[in-house]
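Starting from the structure of chain A, add chain B where the hints point.
Chains as they are written, first to last, in the numbering used here: chain A, 809 to 1252; chain B, 809 to 1252.
Among the clues, some could well be false.
Any copy, or any two copies together, can satisfy a pair, since identical chains are not distinguished.
[As the list claims (entries may be wrong)] In the PhoX-like style, the derived pairs of lysine-lysine whose C-alpha atoms are separated by at most 20 Å in a straight line are:
1. Lys1125 with Lys1107
2. Lys1063 with Lys1159
3. Lys1125 with Lys1063
Calculated directly from the structure, the hints in this document are not laboratory data.
Each chain is listed here by its residues.
Protein chains: 2
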Amino acid sequence: MKIILLSGGSGKRLWPLSNDARSKQFLRLLTRPDGEPESMIQRVVRQIKDAGLTDDIVVATGINQKDAIESQLGDALSIVTEPCRRDTFPAIVLACSYLASKGTPADEPVIVMPCDSYTEAQYFKVIGRMAHAVSDGVADLVLMGIRPTYPSAKYGYIVPAEKAEGDGAQPVKRFTEKPDVPTAEKLIAEGAFWNGGVFAFRLGYLSDIAARVMPGMDFKALRNNYATLPKISFDYEVVEKATSVAVMPYAGQWKDLGTWNTLTDELEQPFHGNVVVEDCGNSYVINELEIPVVAIGAKSMVIAASPDGILVSELAKSENLKHLVDGLGKRPMYEERRWGEYKVIDYIEFKDGNCALTKQLTLRPGCSISYQRHSFRTETWTFINGEGELVLNGERRTVKAGDVITIGSGEMHALRATTPLTFIEVQQGTSLVEDDIERFDFEW
Amino acid sequence: MKIILLSGGSGKRLWPLSNDARSKQFLRLLTRPDGEPESMIQRVVRQIKDAGLTDDIVVATGINQKDAIESQLGDALSIVTEPCRRDTFPAIVLACSYLASKGTPADEPVIVMPCDSYTEAQYFKVIGRMAHAVSDGVADLVLMGIRPTYPSAKYGYIVPAEKAEGDGAQPVKRFTEKPDVPTAEKLIAEGAFWNGGVFAFRLGYLSDIAARVMPGMDFKALRNNYATLPKISFDYEVVEKATSVAVMPYAGQWKDLGTWNTLTDELEQPFHGNVVVEDCGNSYVINELEIPVVAIGAKSMVIAASPDGILVSELAKSENLKHLVDGLGKRPMYEERRWGEYKVIDYIEFKDGNCALTKQLTLRPGCSISYQRHSFRTETWTFINGEGELVLNGERRTVKAGDVITIGSGEMHALRATTPLTFIEVQQGTSLVEDDIERFDFEW
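Excised from the complex, chain A in its bound form (with noise of 0.2 Å):
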């Protein structure tokens, strides 16, 4: 079998941690058995392994994710990276066609899933049982069905052809998306399901059904058409069309943990970083800023803190963050790259238009930023730790604590690290975005 993980989302649900680049499943808020932190993504992709399930697992995803997956998870995983953003069936179809170019038989069974529920070890023994059911022909799409705890209006609903006790595969009748409570609680007594997103099929099910809508595109056509292929979810193309399907129930723990509220419940650690606490109850106090975080009696709260922005809210209340952090910060102030990361430590604009930006970088050994100039910016980099190469204008040279380099607009520049390379980097000119770059081939 293969896994498809699907990495979407750029949220500010759980801001100031979650910005335009970095999702919530990208957080190392959790604990690992082993008492190390790690984020939703890490831990779904361990569940997987550990559940003995496939080594075969693909994301899929949008380039402004590819380097957090890279950073985060290395080797574990190939990464497809959608060339723009379509919606759920272009980018499943991609990430199959992938599959399919490498060699995927027709019938080989194909889950679809995403990559941020928080559940437990059955979660995946039914996953597995999933696919053991499209191998052996039940039906020709099968979907985990979440036994539904409460009636919910925020869920879509897989109803049954007849209501079941049993843990195994159910024919579908219908689906209901989103209904109000009342209805939710008729389909609950019908016994309906929650749609959990995972999906199960062999991979030549979607090959024809994809042949049928965009015919004649293998991989590289479709990534190379991505920007007109039409943009319709899986569910409205595949799930709702689908004459075979059945529902496979699930009743362990099933959450999203997309907002402070939900996230702390989960946290072994309710205190991260540089904190100092005293008489504080049912309080979270994240600190990803190097300076400290004292809370002196705050009770339910979560207080979180990042290069983004300082968060104090009740727990209750923090599900209105969304409205009031969307005006803020134009630019995200921490990235994980797939070189390493970056923090945004000071920014000032100027009476006279002028814009200077102050990051601290470090790149991980062996690894690299690619040969790039800007147009509207000088750079100054000022090593602090550490060695690696510089490539400014076609000339090498290596560097380390405390060489200075700069770096005028127009100029040619690569960098390589060596050993872990920290830099301060000062940013000058009129507009400092991150889109001034153009990116040049370079061979090391």
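Here is chain B on its own, set in the frame of chain A:
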């Protein structure tokens, strides 16, 4: 009359806004009548001038506060700095001998008072009457007596010879330092006052006492031998030994805004800086950082953020702050200096023992950093705004935004601003302490 303002204290009870370099009297959180922000010391000096008491104000303070006072009050007053820390008697004698050295006659009335009491106009009228009382020979020493509002155990009490209701000077019978509450109740029944730390005397009165305790010392000799002077308080050496003492009553507003709980009561603006709030009642958010603070559902709390750290505290519990923060942060992360201001924006200690400290500094036009060298650090200066003049190893040159200067350890350097001059400084070395600085004379 002359006024000596005592400016001392390096408190952390208003952390993270106050630190070892920034005492509470320098926080610009109060509001002038014209709506502009002002600090406690600026308010007291403005009130003295509004009351028409005198233009001759001397601040007696430590060397570490000199820059902040010059920056906030400029030419409005004189500053007499203690060469090292003694107690209030030597400090007041030093300030008085400074006045004498400037030709102040022996019969001139002198007022000694704190620089950070939060009071109203009537307070300064009483001070004026205290000066008149010593001029008129009512007593050698006249103290302000604050009419008590409750039997506090934390103040000193001044007991008059007879209980009286009026606002005229009364002879003093005795002093009682911090009695217990039942004793305080009895003292109040006797007509006792709180000691507000405001004293009036003729200059010659104190000169005579000083000549007896520390004979033969003029201003210059006192400064040069300051470390050898006795560590005794003005209360002990002067007030308690005085034979002719009167108390002048004051019954108006009199507060020490020394904790978040008392300070926030007097803030006209509950929110300062880059702040977003929703559903916060009786809460104060003061943000000196550039990143936003978002507060949701905070009730009766103070939230304060500065380069030194972040505080989130229930107002009533903010008095506990001091013992929690005493161990934090060995260095001030923000300082107001004679030449401008700086903040630390990044600090890292590496495993090999090397450290890197990054600051953003701004010099005011015409102001300069002294000619200096460091033994244990290099500095990289990246200028990001304005123009100035640099001296490096004796050679002068102009610098402007875009320029980068590296200063090796042992290299002599000075800098003067022509326009507001902002630069990013990266310090590197094994020991990055403010003390690693040797200053030299330089004629601009």
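Verification of the hints:
Both within a single protomer and between protomers do Lys1125 and Lys1107 lie at most 20 Å apart by alpha-carbon distance, with minima of 13 Å and 12 Å respectively. Neither within a single protomer nor between protomers do Lys1063 and Lys1159 lie at most 20 Å apart by alpha-carbon distance, with minima of 48 Å and 40 Å respectively. In this assembly of identical chains, Lys1125 and Lys1063 lie within 20 Å of each other by CA distance solely inside one copy; the values are 19 Å within and 36 Å between copies.
Going through the hint list in order, the structure does not satisfy hint 2, though it satisfies all others.
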